[in-house]
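Assemble the complex: chain B is given as a structure, and chain L must be docked to it using the hints.
Protein chains: 2
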Amino acid sequence: MQNQLAQPDLNNAEDNPLNRLSDLLDADMQNVDALIIQNMHSDVPLIPKLAQYLISAGGKRIRPLLTLASTAMFDGSMDKSYNLAAAVEFIHTATLLHDDVVDESFERRGKKTANLVFGNQASVLVGDFLFSKSFQMMVESGSLDILRILSKASAIIAEGEVLQLATTNDIATDMPTYLNVIESKTAALFAASCEVGAVLSGQNDSTVTAMRTYGTKLGTAFQIIDDALDYAADQEKLGKEIGDDFKEGKMTAPIIFALENASEEERIFWKRTLGYKKQEETDFDHAMEIIKSHNALDKTIALAQKYADDATQSLSALPDCEIKALLCDLTGYTITRSF
Amino acid sequence: MQNQLAQPDLNNAEDNPLNRLSDLLDADMQNVDALIIQNMHSDVPLIPKLAQYLISAGGKRIRPLLTLASTAMFDGSMDKSYNLAAAVEFIHTATLLHDDVVDESFERRGKKTANLVFGNQASVLVGDFLFSKSFQMMVESGSLDILRILSKASAIIAEGEVLQLATTNDIATDMPTYLNVIESKTAALFAASCEVGAVLSGQNDSTVTAMRTYGTKLGTAFQIIDDALDYAADQEKLGKEIGDDFKEGKMTAPIIFALENASEEERIFWKRTLGYKKQEETDFDHAMEIIKSHNALDKTIALAQKYADDATQSLSALPDCEIKALLCDLTGYTITRSF
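Taken in sequence, the protein lines are chains B and L.
Every letter in the first sequence is one number past the one before it in my numbering, and letter 26, counting from 1, is 26.
Every letter in the second sequence is one number past the one before it in my numbering, and letter 23, counting from 1, is 23.
Simulated from the structure, these hints should not be mistaken for laboratory data.
Think of the CB as a built atom: it goes at the ideal place given N, C-alpha and C, for glycine as much as any other residue.
Treat the hints with care, since some could be wrong.
Label pairs and their calculated CB-CB ranges [as the list claims (entries may be wrong)]:
no. : chain 1 : residue 1 : chain 2 : residue 2 : range
1   : B       : Asn169    : L       : Pro176    : 32 to 40 Å
2   : L       : Thr282    : B       : Asp174    : 36 to 44 Å
3   : L       : Lys292    : B       : Glu281    : 53 to 61 Å
4   : B       : Glu265    : L       : Tyr53     : 37 to 45 Å
Under the rule of at most 30 Å between Cα atoms (straight-line distance), these lysine-lysine pairs were calculated in the DSSO-like manner [stated by the list, open to error]:
no. : chain 1 : residue 1 : chain 2 : residue 2
5   : L       : Lys60     : L       : Lys49
6   : L       : Lys277    : L       : Lys111
7   : B       : Lys49     : L       : Lys277
8   : B       : Lys278    : L       : Lys49
9   : L       : Lys292    : L       : Lys277
10  : B       : Lys80     : B       : Lys324
11  : B       : Lys324    : B       : Lys247
12  : L       : Lys152    : B       : Lys80
13  : L       : Lys112    : L       : Lys80
14  : L       : Lys49     : B       : Lys152
15  : L       : Lys49     : B       : Lys271
16  : L       : Lys49     : B       : Lys49
17  : L       : Lys152    : B       : Lys49
18  : L       : Lys49     : B       : Lys80
19  : B       : Lys49     : B       : Lys111
20  : B       : Lys49     : L       : Lys80
21  : B       : Lys60     : L       : Lys152
22  : B       : Lys277    : L       : Lys49
23  : L       : Lys60     : B       : Lys152
24  : B       : Lys152    : L       : Lys152
25  : L       : Lys247    : B       : Lys49
26  : B       : Lys247    : L       : Lys49
27  : B       : Lys306    : B       : Lys278
28  : B       : Lys112    : L       : Lys80
29  : B       : Lys292    : B       : Lys271
30  : L       : Lys80     : B       : Lys152
31  : B       : Lys277    : L       : Lys112
32  : L       : Lys324    : L       : Lys306
33  : L       : Lys277    : B       : Lys278
With the rest of the complex left out, here is chain B (with noise of 0.2 Å):
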């Protein structure tokens, strides 16, 4: 097993705010990094590999840089929260293994998925371990308070992608529900990351809340922009294939606003291309057309953008400091970024 982590591949060189960020917080995320190190290993020789197969392949690494972030921004202990991102890294991850599974995914980070390399069934059972593992940190925190955001945040997780699951094939998914999905199965997560900093540097009540509205508003961000990436990224950059969604019949922002004033034609089409999956080869550009002609990304787009506004606002009441300066800038970097 190699012994270090790749470093987060941040997809070009301009100094963009999450890079910012990173540099501010490097030697912390060299402990946090540590840390993930030292609990992927088992006596299973399976599992470190797996798991160091997907996390060496270079994500971003945004929660755990947001639990380092809101400790320091409120001084913190730092020791103290490297167990916790690195926690928030796992539980994150185990769900990658696990949503891979589920979306029988064949590409992540620019590689082959995990379940493609070593199967569904190893790809199932380390998330799994993963998963516990990150409890096992957890408790390390010594904070039942801790312990029950990021709990409650695991189960909301689970639900929000057991709900993404009963929408897909079905086009009558409207916008509520889709954002219900994705405040679930992703801003929980990055608002949990967000909360546990400040819970940690024994903040009160307004503050917490603060912090934890800005994660849920730039994860909801965030993940907005992700699924337009998948009908408008350059897949290179982006990692993995476009398409994936329209491909598994995924009701995301860019097809509910296409859906929105759809002719009868095309209500047609996508009832055979998502609801019944029967695809051919130049349905995805057609999909595309459309999309395009409802003017749909740019109606996602202006959509992320709301609530990026919505994150950057949330902090407004907190004291100024470098920290809150780029996780302000971080919102608008959630909407530009090509990946």
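Okay, now just chain L, sitting in the frame of chain B:
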């Protein structure tokens, strides 16, 4: 959703120790059942539907009973034990859901498996939900010691499942490796179920260790017999198909004993049927003949008996009481049970 759980089907009218323990703790178990129903709830209807499907099929609920028994035995707070007992059953249920996906099983507790009825995707995700919920329930216990015990047990279970996966179809798997698998995947949760009752009741280290050892030994005996039943049970009583382990090429005690003194011809047979999973219709009958000719089932039961005796022995220093006597009787029952 039904608002009552099916009563455990203890498969025969005779007055077995599990029934007697169930009767003694009946009022407490009703509280646990109420918590199980309450915590299965979700606004996403598929979650209670699937969870209810499996839980209402009526398992033995032996693990939550052990938590109740080990709390009652030391006059601990029964109120606090209910959440933990329900949490333990949720961990077990989550494991079953994922196991059946991994094993591609079709039948459990006399019903079609959840993955067959609801699909693998839903089983994986609802398993994740129950697992997260179990942690939420544990947090309510307010004890970091107990959270440490149960989160560690969860990680060990996952390790055991991965090790089992790695040894499946590997006919070189030896007895120590097999015992490592079952002590992890099964006995770890039995051990934790017993240990938390003693911890909750504020018992000293030697008592906690005694209860933990009892759980480990009992759980190991239980799993060894489970593995024997897959080659010996009355299918109707067992509630699942016999021969499943053979079909999957799982390396369990009856096979490992049969391989110890295998002829060259037999070794070739095992290599083909288990190693390469190339099986013909008559192969299971032939496997049973070989197992019989090596007294491999008798040896398996003797091994389980040894663990059952150790379980009883581990309680010897504890004060005599009705529950202790029942726990001792339960060790014999794990050997003689037919399901």
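Inset, instruction - Find the hints from earlier in the document that the structure breaks and name them by number, from lowest to highest. - result: 1, 2, 11, 13, 16, 18, 20, 27, 28, 33
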